[in-house]
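A.B. asks: Please take these sequences and the hints and turn them into a complete structure.
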Amino acid sequence: MADGFTEGASRRDLLKTGALAGGLMLSFSVAGKTDAAPAAEAKLNAYVSLTPDNKVTIVSKNPEIGQGIKTSLPMIIAEEFDVDWAQVTTKQADGDPATYGRQFAGGSMATPLHWDELRRVGAAGRAMIVAAAAQTWNVPVAECTTALGVVYHKASGKKATYGSLAAKAATLPAPDLKTVPLKDAKDYKILGRFMPQVDSAGLVTGKPLFGIDVVVPGMLYATFDKAPVFGAKVASADLAAAKAVKGVRHAFIVEGGTELSGLLPGVAVVADSWWQAHKAREKLNIQWAEHPTSKQSTTDYDAQALALSKAAPLRTERNDGDVAAGMKAASKTVEAAYSYPFIAHAALEPMNCTAAFKDGKLEIWAPTQNPEPGRQLVAKTLGMDPAAISLHMTRCGGGFGRRLANDYMVEAAWIAKQAGAPVKLVWSREDDLRHDFYRPGGYHFLSGGVDASGAVTAWRDHFVSFGNDGKFASSAGMSQNEFPARFVPNFRYDLSLIPTGVPTGPLRAPGSNALSFVMQSFIDELAHAAGADPVAFRLKLLGDGAMVGTPGQSGYAADRMRGVVKLAAEKAGWGKTKLPKGTGMGIAFHFSHMGYFAEVVQATVAADGAVKVDKVWVAADVGRQIINPAGGINQVQGSVLDGLSAALGQLITIENGAAVQGNFGDYPLMRIADAPPVEVHFLITDNPPTGLGEPALPPAPPALCNAIFAATGKRIRSLPINTEALKSV
Amino acid sequence: MVFKINVNGKSQNVDVEEGTPLLWALRDGLGILGPKFGCGVGQCGACTVHVDGQPVRSCSLPIEAVGAGKVVTIEGIGATANGKKIQAAWTELDVAQCGYCQPGQIMSATALLNATPKPADADIDAAMSGNICRCATYVRIRAAIKQASGQKVEA
Numbered sequence: 001m002a003d004g005f006t007e008g009a010s011r012r013d014l015l016k017t018g019a020l021a022g023g024l025m026l027s028f029s030v031a032g033k034t035d036a037a038p039a040a041e042a043k044l045n046a047y048v049s050l051t052p053d054n055k056v057t058i059v060s061k062n063p064e065i066g067q068g069i070k071t072s073l074p075m076i077i078a079e080e081f082d083v084d085w086a087q088v089t090t091k092q093a094d095g096d097p098a099t100y101g102r103q104f105a106g107g108s109m110a111t112p113l114h115w116d117e118l119r120r121v122g123a124a125g126r127a128m129i130v131a132a133a134a135q136t137w138n139v140p141v142a143e144c145t146t147a148l149g150v151v152y153h154k155a156s157g158k159k160a161t162y163g164s165l166a167a168k169a170a171t172l173p174a175p176d177l178k179t180v181p182l183k184d185a186k187d188y189k190i191l192g193r194f195m196p197q198v199d200s201a202g203l204v205t206g207k208p209l210f211g212i213d214v215v216v217p218g219m220l221y222a223t224f225d226k227a228p229v230f231g232a233k234v235a236s237a238d239l240a241a242a243k244a245v246k247g248v249r250h251a252f253i254v255e256g257g258t259e260l261s262g263l264l265p266g267v268a269v270v271a272d273s274w275w276q277a278h279k280a281r282e283k284l285n286i287q288w289a290e291h292p293t294s295k296q297s298t299t300d301y302d303a304q305a306l307a308l309s310k311a312a313p314l315r316t317e318r319n320d321g322d323v324a325a326g327m328k329a330a331s332k333t334v335e336a337a338y339s340y341p342f343i344a345h346a347a348l349e350p351m352n353c354t355a356a357f358k359d360g361k362l363e364i365w366a367p368t369q370n371p372e373p374g375r376q377l378v379a380k381t382l383g384m385d386p387a388a389i390s391l392h393m394t395r396c397g398g399g400f401g402r403r404l405a406n407d408y409m410v411e412a413a414w415i416a417k418q419a420g421a422p423v424k425l426v427w428s429r430e431d432d433l434r435h436d437f438y439r440p441g442g443y444h445f446l447s448g449g450v451d452a453s454g455a456v457t458a459w460r461d462h463f464v465s466f467g468n469d470g471k472f473a474s475s476a477g478m479s480q481n482e483f484p485a486r487f488v489p490n491f492r493y494d495l496s497l498i499p500t501g502v503p504t505g506p507l508r509a510p511g512s513n514a515l516s517f518v519m520q521s522f523i524d525e526l527a528h529a530a531g532a533d534p535v536a537f538r539l540k541l542l543g544d545g546a547m548v549g550t551p552g553q554s555g556y557a558a559d560r561m562r563g564v565v566k567l568a569a570e571k572a573g574w575g576k577t578k579l580p581k582g583t584g585m586g587i588a589f590h591f592s593h594m595g596y597f598a599e600v601v602q603a604t605v606a607a608d609g610a611v612k613v614d615k616v617w618v619a620a621d622v623g624r625q626i627i628n629p630a631g632g633i634n635q636v637q638g639s640v641l642d643g644l645s646a647a648l649g650q651l652i653t654i655e656n657g658a659a660v661q662g663n664f665g666d667y668p669l670m671r672i673a674d675a676p677p678v679e680v681h682f683l684i685t686d687n688p689p690t691g692l693g694e695p696a697l698p699p700a701p702p703a704l705c706n707a708i709f710a711a712t713g714k715r716i717r718s719l720p721i722n723t724e725a726l727k728s729v
Numbered sequence: 001m002v003f004k005i006n007v008n009g010k011s012q013n014v015d016v017e018e019g020t021p022l023l024w025a026l027r028d029g030l031g032i033l034g035p036k037f038g039c040g041v042g043q044c045g046a047c048t049v050h051v052d053g054q055p056v057r058s059c060s061l062p063i064e065a066v067g068a069g070k071v072v073t074i075e076g077i078g079a080t081a082n083g084k085k086i087q088a089a090w091t092e093l094d095v096a097q098c099g100y101c102q103p104g105q106i107m108s109a110t111a112l113l114n115a116t117p118k119p120a121d122a123d124i125d126a127a128m129s130g131n132i133c134r135c136a137t138y139v140r141i142r143a144a145i146k147q148a149s150g151q152k153v154e155a
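Quick mapping for you: the protein sequence lines, in order, are chains C and X.
Residue 178 in the numbering used here sits at position 178 of the first sequence; the count goes up by one each step and never skips.
Residue 11 in the numbering used here sits at position 11 of the second sequence; the count goes up by one each step and never skips.
Note that these hints are calculated values from the structure, not bench results.
None of the values given here were measured: they were computed from a predicted structure.
Glycine included, each C-beta is placed from N, C-alpha and C at the ideal position.
Careful, some of the hints might be misleading.
Rough simulated footprint, nothing fancy, chain C against chain X, three-plus residues with beta-carbon under 8 Å [stated by the list, open to error]: (1) 70-82; (2) 101-110; (3) 138-152.
C.D. replies: Structural data, given as structure tokens:
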């Protein structure tokens with residue numbers, strides 16, 4: 001599936017091209033689309049419009065999945081436009097790449113991609129308003145100032161609201177975005193302030209904001225049954241039995257294809273209500289065709305991994321120095337096997353989509369993180385011109401990477417077209433957990449050595465991951481630069497791959513969410529082997545240098561990481577707090593999504609093995625500006641708890657080529673009683689602001705596991721944490 | 001068949017089959033979309049409504065079991081004193097991330113305040129444990145309940 005931007009190289013490409021793809025073009029689309037705007041509304045550019053009574057509307061281009069983008073991106077524009085945030089209403093853009101460039105929620109990329117460009121969009125709008133004032137008053141532009149949506153000319157005492165100048169401003173040429181002046185950060189009035197998200201009032205009163213809430217006149221409701229074995233075809237189904245259920249209008253087999261991220265084979269039921277369709281699907285008695293993936297299972301994967309670990313690797317991804325010599329030079333060596341399971345996204349709003357096909361045109365309402373690839377997939381699958389498909393982005397009840405795929409979109413489109421009526425497709429929770437693009441499992445067979453000084457002399461990882469034809473499955477990869485590569489002189493990363501027919505894909509902090517557990521746990525093992533303090537050992541490992549690698553490419557700012565490690569330790573009172581028996585502190589750090597994070601977890605393990613997380617301290621360096629602390633801190637706390645939740649209980653087991661777990665009874669998510677306080681500290685450094693949707697997650701699981709070791713002396717090498725093994729009675 | 005139920009103070013007729021969960025009668029039958037579908041088995045709490053003041057998982061309550069019970073949904077809870085306070089605290093502290101579970105959280109939190117005006121942490125744990133927040137906004141849910149009940153809020 002198309003998730004390239006979550007992988008390092010493509011993310012960098014996007015950074016290079018992002019501004020050109022979107023913002024700069026906007027200055028030339030001043031006229032924009034005026035059809036939907038009220039007559040009195042003046043449109044300054046594709047993002048900013050305002051009315052004579054000084055009400056400002058700012059478009060949010062990207063999908064809102066709970067990351068707060070519908071608030072934070074407009075805040076960036078509003079700051080430079082220099083208006084009062086209370087004047088501003090924000091509006092969700094439709095899927096419209098011709099106007100907005102690439103629109104997606106992924107890779108924590110919105111802030112780095114738009115920080116510069118959207119400030120310039122706002123500043124350009126302000127310049128047009130000021131130019132209109134200067135022309136109206138016949139005074140030099142340079143003598144005009146602005147504040148809170150009003151233009152002032154001090155010498156003459158004249159002032160005018162932006163709204164009163166908007167119609168004129170909209171006729172003026174847009175300034176060059178590249179040279180438009182920007183504010184000094186010390187003058188910010190919106191950025192950096194705690195701004196509750198713009199949909200807050202609607203959310204707490206139950207307004208229909210989500211995809212699942214879409215209602216279209218004449219709409220029917222659909223369910224879609226797919227094979228438990230991923231991609232298996234329908235052999236037979238009792239369509240008549242389903243059609244006999246009251247309210248059912250259609251029941252039909254969808255042939256589908258073989259691409260797991262596309263339209264798969266299945267049986268659709270379309271009814272007057274969702275419950276009717278849901279009950280009718282129970283009557284289908286579907287027989288599924290044989291499929292090769294049915295031979296696959298977690299047990300078999302585990303056995304293959306163990307066998308592969310003992311054989312020569314498929315290939316060596318990195319080989320620095322001489323690992324054998326490094327091991328010989330060590331005063332102590334450690335060997336350990338780590339593993340982590342497949343896990344699901346489990347966004348709380350089940351996958352759904354509404355589609356209406358009429359007169360050769362398709363209209364789609366989708367909770368998607370990735371609208372344009374969805375439109376293209378629908379166009380290709382239905383044999384349509386993409387231009388005949390309009391796409392409305394609804395609020396998403398969680399994303400976590402699941403809605404980067406658009407399988408539910410193409411299903412809704414197909415079913416709506418065949419049913420000849422607008423259709424809302426809603427998956428059940430079981431559909432969701434059993435038809436995910438899972439965070440792939442993985443196995444690491446590690447050995448390492450430390451010398452008497454507490455330095456790591458050698459590191460070898462035989463990574464057994466998932467992939468076909470020598471290529472990683474989606475999100476199953478590990479970079480050749482994954483820490484501690486480049487920080488250990490003798491370093492070797494070998495790779496073997498297990499073929500899989502299970503669909504995988506990016507889940508919040510892809511790669512990192514699992515790799516951090518392995519690396520930061522094994523580093524902890526080495527620290528203890530060396531008899532060193534885990535914080536001091538890590539600081540030594542990070543060295544004395546600043547940037548390792550190329551800035552903006554594979555660069556790893558060791559100095560920024562040391563900064564957050566020290567801050568997290570300081571805030572947690574590392575080494576200074578006397579903890580009771582059974583309680584311990586663990587630390588871990590991780591760099592991903594351009595953010596530097598270190599976290600300390602304090603956890604208590606009871607005699608029965610039950611793990612209670614007492615508290616988490618987070619130190620984060622995402623640059624010089626937190627756009628919106630309200631959303632930013634929320635993201636950090638949520639990411640940390642998300643990581644802990646996965647470590648404590650989440651596991652998708654594959655049996656006979658299908659996912660076993662189906663609902664929250666066997667796929668437990670963290671509940672409030674298990675949620676510790678999470679203290680968040682931002683280390684402000686003079687670096688460009690970066691995103692907060694993901695990078696706080698990866699250090700949480702290993703920090704917890706390291707705390708458990710400190711509390712019990714027992715090392716967690718496999719997730720989820722097996723509390724049985726932690727029993728002390 | 002037609003069932004007469006009282007929702008948010010209004011008596012309404014809804015035409016659904018016997019056995020239809022209240023959730024789907026509300027959502028598809030009456031267009032009351034605040035209560036959310038999350039799991040269908042009473043595990044996540046996104047569908048929580050009040051029936052005669054008690055928090056109930058509407059995905060697992062058949063329509064015929066509602067009877068003369070007074071149903072209040074997220075759309076109606078703001079008309080109660082505690083509901084209004086909870087909603088205000090939710091907004092001030094910016095509790096929500098995606099917000100999908102929050103109607104259910106707010107219904108459970110309001111029921112908690114109705115029963116226990118100054119809930120301690122243990123009360124909050126007990127009353128709110130049936131509501132999953134996949135975004136894990138639990139730190140702020142706890143803080144908002146404390147704030148709405150006039151207790152000291154720890155950051």
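A.B. asks: Would you mind marking each hint as holding or not holding in the structure?
C.D. replies: How the hints compare with the structure:
Residue count for the stretch 70-82 of chain X with a Cβ under 8 Å from a Cβ of chain C: 4. That meets the three needed, and the coverage hint holds. By the rule of at least three residues with a Cβ nearer than 8 Å to a Cβ of chain C, the coverage given for the stretch 101-110 of chain X holds, with 4 such residues. Check on the stretch 138-152 of chain X: 5 of its residues sit with their Cβ under 8 Å from a Cβ of chain C, so the three-residue criterion for coverage holds.
Violation of the numbered hints given earlier is absent; every hint is satisfied by the structure.
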